[in-house]
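Chemist: The opening position of the sequence shown corresponds to residue 91 in our numbering, with each subsequent residue numbered one higher.
Hints listed in this document are in silico derivations from the structure and should not be mistaken for laboratory results. Hints are not guaranteed to be accurate.
Said to hold, decoys possible - Mimicking DSS-like on lysine-lysine, the simulated pairs with C-alpha atoms at most 25 angstroms apart in a straight line are:
#1 LYS221 to LYS233
#2 LYS214 to LYS183
#3 LYS235 to LYS166
#4 LYS166 to LYS116
#5 LYS221 to LYS183
#6 LYS101 to LYS235
#7 LYS183 to LYS101
#8 LYS100 to LYS166
#9 LYS116 to LYS214
#10 LYS221 to LYS235
#11 LYS226 to LYS214
#12 LYS226 to LYS183
#13 LYS101 to LYS233
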Amino acid sequence: MTLDQLQTAKKHFTIAAFDQRGSLAKLMGVDPASEVGIETLTHFKQTWMEVVSSLCSAVLVDPEFGLESLQKKDPKAGLLLSLERSSYDADNKDALPLMYDGWGIPEIIARGGAVKLLLFYHPKSETSAAKLEFVKRTYNECKEKHVPFLL
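Based on the sequences and whatever the hints tell you, model everything.
Modeler: So, in structure tokens, the structure goes:
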């Protein structure tokens with residue numbers, strides 16, 4: 091995966107982000123931990139991928155409910171995959187990002203994706219140094235493995 095594969099022919103990024111998890115489940119009125127919730131979110135993301143992926147330069151999905159949707163992705167659309175667990179509805183914006191067990195940069199590369207990381211940052215936060223170190227490690231691993239890293 092290269093940055094060029096995430097852009098249009100005119101070098102524009104038209105990335106459709108659909109890596110929402112908790113907020114989407116709440117909007118749809120389902121429990122994301124229940125069997126019905128998992129099925130609903132997974133099916134919804136598959137339908138979304140089938141309809142939207144041909145309209146943009148790339149798509150962003152999560153590993154929790156979005157991986158099955160990759161079967162429906164337009165082959166011309168680039169791919170970004172979330173590295174972190176859902177943070178959009180996080181209560182503590184100072185906390186380090188939560189990570190999935192068994193999911194990381196190698197798993198993203200194996201699926202042909204670029205790495206996306208959402209990170210809340212404030213330079214005066216107690217966790218700012220740890221967050222900077224985390225970003226540096228992630229960046230260096232992506233650079234070493236020749237995969238784009240979008241922060």
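Chemist: State for each hint whether it applies.
Modeler: So, going through the hints one by one against the coordinates:
no.	hint	result
1	LYS221 to LYS233	holds (18 angstroms)
2	LYS214 to LYS183	holds (13 angstroms)
3	LYS235 to LYS166	holds (23 angstroms)
4	LYS166 to LYS116	violated (31 angstroms)
5	LYS221 to LYS183	holds (11 angstroms)
6	LYS101 to LYS235	holds (23 angstroms)
7	LYS183 to LYS101	violated (33 angstroms)
8	LYS100 to LYS166	holds (14 angstroms)
9	LYS116 to LYS214	violated (32 angstroms)
10	LYS221 to LYS235	holds (21 angstroms)
11	LYS226 to LYS214	holds (18 angstroms)
12	LYS226 to LYS183	holds (19 angstroms)
13	LYS101 to LYS233	holds (21 angstroms)
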